[in-house]
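Number of protein chains: 4
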Amino acid sequence: MIKASIIGATGYTGVELVRLLLSHPKVKIAALSSVSFLGKPISEVYPSLLSACQMELCDEKEAVEKGDVVFACLPHGMSQEIAAECAAKNKAFIDLGADFRLEKEEDYMQWYKGAFLDKELHKKAVYGLPELFRDSIKKTKIVANPGCYPTSIALALYPALSKGIISTEGIVIDSKSGVTGAGRTPTLNTHFPECNESVSPYKVGTHRHTPEIEQTLSKAAGAPVKVTFVPHLLPVNRGILSTCYAKLKEGAGEEKVREIYEEFYKNEPFVRVLPKDTQAGIKNVKFSNFCDISLNIDSRTGTFIAVSALDNMVKGAAGQAVQNMNILFCFDETAGLTLIPPAF
Amino acid sequence: MIKASIIGATGYTGVELVRLLLSHPKVKIAALSSVSFLGKPISEVYPSLLSACQMELCDEKEAVEKGDVVFACLPHGMSQEIAAECAAKNKAFIDLGADFRLEKEEDYMQWYKGAFLDKELHKKAVYGLPELFRDSIKKTKIVANPGCYPTSIALALYPALSKGIISTEGIVIDSKSGVTGAGRTPTLNTHFPECNESVSPYKVGTHRHTPEIEQTLSKAAGAPVKVTFVPHLLPVNRGILSTCYAKLKEGAGEEKVREIYEEFYKNEPFVRVLPKDTQAGIKNVKFSNFCDISLNIDSRTGTFIAVSALDNMVKGAAGQAVQNMNILFCFDETAGLTLIPPAF
Amino acid sequence: MIKASIIGATGYTGVELVRLLLSHPKVKIAALSSVSFLGKPISEVYPSLLSACQMELCDEKEAVEKGDVVFACLPHGMSQEIAAECAAKNKAFIDLGADFRLEKEEDYMQWYKGAFLDKELHKKAVYGLPELFRDSIKKTKIVANPGCYPTSIALALYPALSKGIISTEGIVIDSKSGVTGAGRTPTLNTHFPECNESVSPYKVGTHRHTPEIEQTLSKAAGAPVKVTFVPHLLPVNRGILSTCYAKLKEGAGEEKVREIYEEFYKNEPFVRVLPKDTQAGIKNVKFSNFCDISLNIDSRTGTFIAVSALDNMVKGAAGQAVQNMNILFCFDETAGLTLIPPAF
Amino acid sequence: MIKASIIGATGYTGVELVRLLLSHPKVKIAALSSVSFLGKPISEVYPSLLSACQMELCDEKEAVEKGDVVFACLPHGMSQEIAAECAAKNKAFIDLGADFRLEKEEDYMQWYKGAFLDKELHKKAVYGLPELFRDSIKKTKIVANPGCYPTSIALALYPALSKGIISTEGIVIDSKSGVTGAGRTPTLNTHFPECNESVSPYKVGTHRHTPEIEQTLSKAAGAPVKVTFVPHLLPVNRGILSTCYAKLKEGAGEEKVREIYEEFYKNEPFVRVLPKDTQAGIKNVKFSNFCDISLNIDSRTGTFIAVSALDNMVKGAAGQAVQNMNILFCFDETAGLTLIPPAF
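Residue numbers (the numbering used here), protein chains in the order written: chain A, 153 to 496; chain B, 153 to 496; chain C, 153 to 496; chain D, 153 to 496.
Calculated from the structure, these hints are not laboratory results. Careful, some of the hints might be misleading.
Treat identical chains as interchangeable: a pair holds within one or across any two.
[Unchecked claim] EDC-like, lysine to aspartate or glutamate: derived pairs with alpha carbons at most 20 Å apart: (1) LYS256 to ASP220; (2) LYS291 to GLU272; (3) LYS378 to ASP259; (4) LYS276 to GLU257; (5) LYS256 to GLU272; (6) LYS355 to GLU407; (7) LYS192 to GLU208; (8) LYS276 to ASP287.
Quantities reported herein were computed from a predicted structural model and do not represent experimental measurements.
Extracted from the complex, chain A is given alone in its bound form (with noise of 0.2 Å):
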């Protein structure tokens, strides 16, 4: 069993990483920080956790102090410190804020107006999409948790790009993604009266994961990729829909793309390539670690449509730190995720 610690546990990503350790098999939760509500139980800030796990918030020192593996749930630019913190004490450290995901600082200059404290530590960081990186991640302490809707998109078109069968030029992402990836803080924009039966686009063509998607398909591509990304609020809790289109090269058909997307991804437990003629829903992924991706081609117009779901809160963030941290500790990489979607 080793220990983890959760910095930032009562953010929603933080909770819900609170959940899944609960369940894993090879872990003990040791500690959880939190500022706003340092020494109260953690049940009291989520009654969902009666019974469950009362442990007492305690500040991020001691979180760092007692765990293996330190997990970040924290807001970007908080975690640089923490993570050199880390790696000083030679401890595993999972970042699933934004600060280790970008290679190149001028791209979180440009996206994030930050800097990298220690460009040392940023090289040794490893962006942590298990399916794509998988070996890298074998090798590193400190891994970047990828974001939630880069996780999708680069799922979806990643074989098609790393294959070739689909231009570099003109992708467009629609992204469709829950109300719990605004977090917990109330705005009036996530006020249920503002949002519910309602749904439209925001940060259109400027949203900071664009960065991150870009650099991931480029290396797909091996050439640099630039896509169209427009990010969309819709009135459920959680759950990530990226209908993905680019156009389709010349003698690519169904076939051929429907064998390279299985042929990619058939080892992998929570990628799932879905029959013909089925569609990708967040219904079918929610609470569970499993992304689904539908293939479609539109023969009219030579467009190929990949549509992938998953579930932000899991797949795109906290079960994708437990599949990260399960890698670093040569765990199976699906222990403590076995969770199968409910079917409503």
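With chain A's structure known, arrange chains B, C and D on it following the hints.
Just chains B, C and D, lined up with the frame of chain A:
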């Protein structure tokens, strides 16, 4: 005061039309027909209408007989004979179904598997999108009321295509619709626990509204336009949001685009081109005849993104039908349609 | 045409009142005030109002000055001085807050921790539930617009209590309300992921509407009535459903009860006593000024169960305020309120 | 490892049971039967199960044959013969339907219009509410799994009634249920646009769970108890909230009440008596086998108000069935049920 009849009054578009006509200053409802509920008061089928409208449901023949204007709210394939009868009796006919929307019989055959029973009649029919084809509507007595998706898409892209600032190739349209778009018949897909807390695409690249969309956009461009169109089912009652992506031609910047749209719609009471930095959302148009359009340019990728929102049951169906009726009878075009969308 | 001002126009009840007054045939909105958004057009705060109302938000003083009738949509404790000013200037004043609803100052002190600043003023105020107190409303210029829960409950139980067919002891009221009842300020409880897909009671036995409910029911019974009142928060935007339980006295059967209610409300345009074997539901009254009441008798236990449904923002707030205004100014009581609830 | 079969596996309670049993450490699913989908893999009926369970649906006979324990998830009236067959073969039988819940045949006749086919068999059946009847369950092989409403109500009121602190007269129960309670067959009432954004009561005073509720409460009181029971349909997928009102007897104050409940449930892993000043809500129990109970006293009216929340599909159906199976087979009672409710 004119007399209006509704055939198929107990479907969702039919009952919405009842609601609108009951408040129309120049119209008296003369007859409501229904096959399933013949002889019952409509308020028994829809208790929301109690004390507002308790008219007994009659048969189709009586409905045609009694109306100066006849609205048909029927599944496709059932309007052609009624239209012929109305034409013979010189009554105005407004079809909320699909039978008269496509100008080319081969398109109708390909997408709807049906034939034009009377080709002359089809020549007389006009596609009733007032903002684009008002002058032709004035001259007909047979109006093909547009589909909900096509209305949202045509209004979003017509100005840009007609001014030649976007490419006619590679247009992608990602639409999201509320569940009322599927009608009142219970199905597994629209069963509450199956669609609540989820979203998924359907009829990817194969939705019957596609040829109707392309017909209008081709007119705008003065050249054939093909689009990739993917509709999605949203867990909301009403509303459509269409996010439309097109390649911006060189030289067309944000100000130019905005100028074109504001000029195009400056006298239109029902189209609101939104201010810079705001986005169209279903919330702001629900229960009204407005179509909101927000304009975006992703300069990183040279993509024009027009987002349109409307109420699928009002501007996307019954409201537009009333607007067409107002045109046919030379009423003020906003008569009975001065509906202000509630804030929530 | 009279001139109306709204103080606190950017809260939920305020903006709903704006929407209703914009369609009122005898009213012109003269001024809208707001502290938070002073100087901005209201359509910037509520984009739903674009092109329908772009009036600039002024201060309270200007609002009082300009109106023949002044509506206050303010938190409790803030209306008394405005009422005094309106009285001094002989303007009609309609308070959508709680300051003038309770007749006894000790009740106000106990439940609201406040005092009556001017006892004479309070004596002039009339509790504005038109179906019960129309004659008194006609004679005042200060109307205390009832709370949303109290309206639904008073209309459900007044006839039975006034006719003496139910016991005044042991009345239980289980009410359920949509989230707009909590106002527009974002809070954790009204944050989308916290209230969506859930329901729970709040302020059990301690809600401030309790004395207001008891005040009206005591008048009905001609004797003191105490009730057990438990409100619940529902994951819907609008609407209140109150399920009211009372011991049926001997001799009062179903037909008698129905007769009493139908007689009591026979001339009321906004109260619909539903047919036997149908039940009140929020769906059928949303966006309208109707209050639906269904009558049930559980003969196994001798219990009378009246269920009432209304839109908390219309008959429970802004619509009833307009109804009161219509009475004060001798307009047709339904003017501006002929809203037909949409079927969905 | 024991072998479990589910008859009627494709209904909502059936598939939820599949989900739970797939994670159970001591159980292997041996067979799943379905009439409608015979021969298909269950993952075709529920794509959420892809890669988790692709078992082919068999017929009832095969299911009985293969299981050490047989669960029946069938409409009432269809379990008696299967129970007899299981009894003959000495297999454990757990009925999620209503056939064995009522002890008196006259009650079954009155409320379900059915007869007890084999009276001896009925005598062997035990009502499977473990917190109340654990000892009897241990001794049977036929378990009548309680209804969802009755579970929530029995747990809320049993302690108070058995300790005699509330009156057995005048009990009022106002319950609210999610839509999955109505099953998977599409109907008008459960069609998304018909139940979304609404709430209404149904089967007022006539719901078939009434005699089952009274049977248990009468045992608690040691005297006949009749209740007024009104269920309501909520626009949520899962969950039941029951607000239970009873006259508090003299001398029983808040502390006493709390003491009784905490004592009563102190060793129960699935019942959480909530801390003072917090309220039960569906959110905190969803997807878990917990039943939360909050205790309130309205001292103004002398009313005890117990509010209970549970997941209708888990503690109200499939979870409780697993709990009963655990008891029958002497497994740890929480095996396969250590589900932590997600925070959102």
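Verification of the supplied hints:
1. LYS256 to ASP220: Classified as neither; 29 Å inside a copy, 60 Å across copies.
2. LYS291 to GLU272: within (15 Å within a copy, 67 Å between copies)
3. LYS378 to ASP259: Only inside one copy: LYS378 and ASP259 sit 13 Å apart there, 36 Å across copies, limit 20 Å.
4. LYS276 to GLU257: within (14 Å within a copy, 64 Å between copies)
5. LYS256 to GLU272: This pair counts as within: shortest intra-copy Cα distance 12 Å, inter-copy 66 Å.
6. LYS355 to GLU407: So LYS355 and GLU407 pass the 20 Å test across copies only (19 Å; inside, 36 Å).
7. LYS192 to GLU208: within (5 Å within a copy, 46 Å between copies)
8. LYS276 to ASP287: within (14 Å within a copy, 59 Å between copies)
Of the hints listed earlier, the one the structure fails to meet is number 1.
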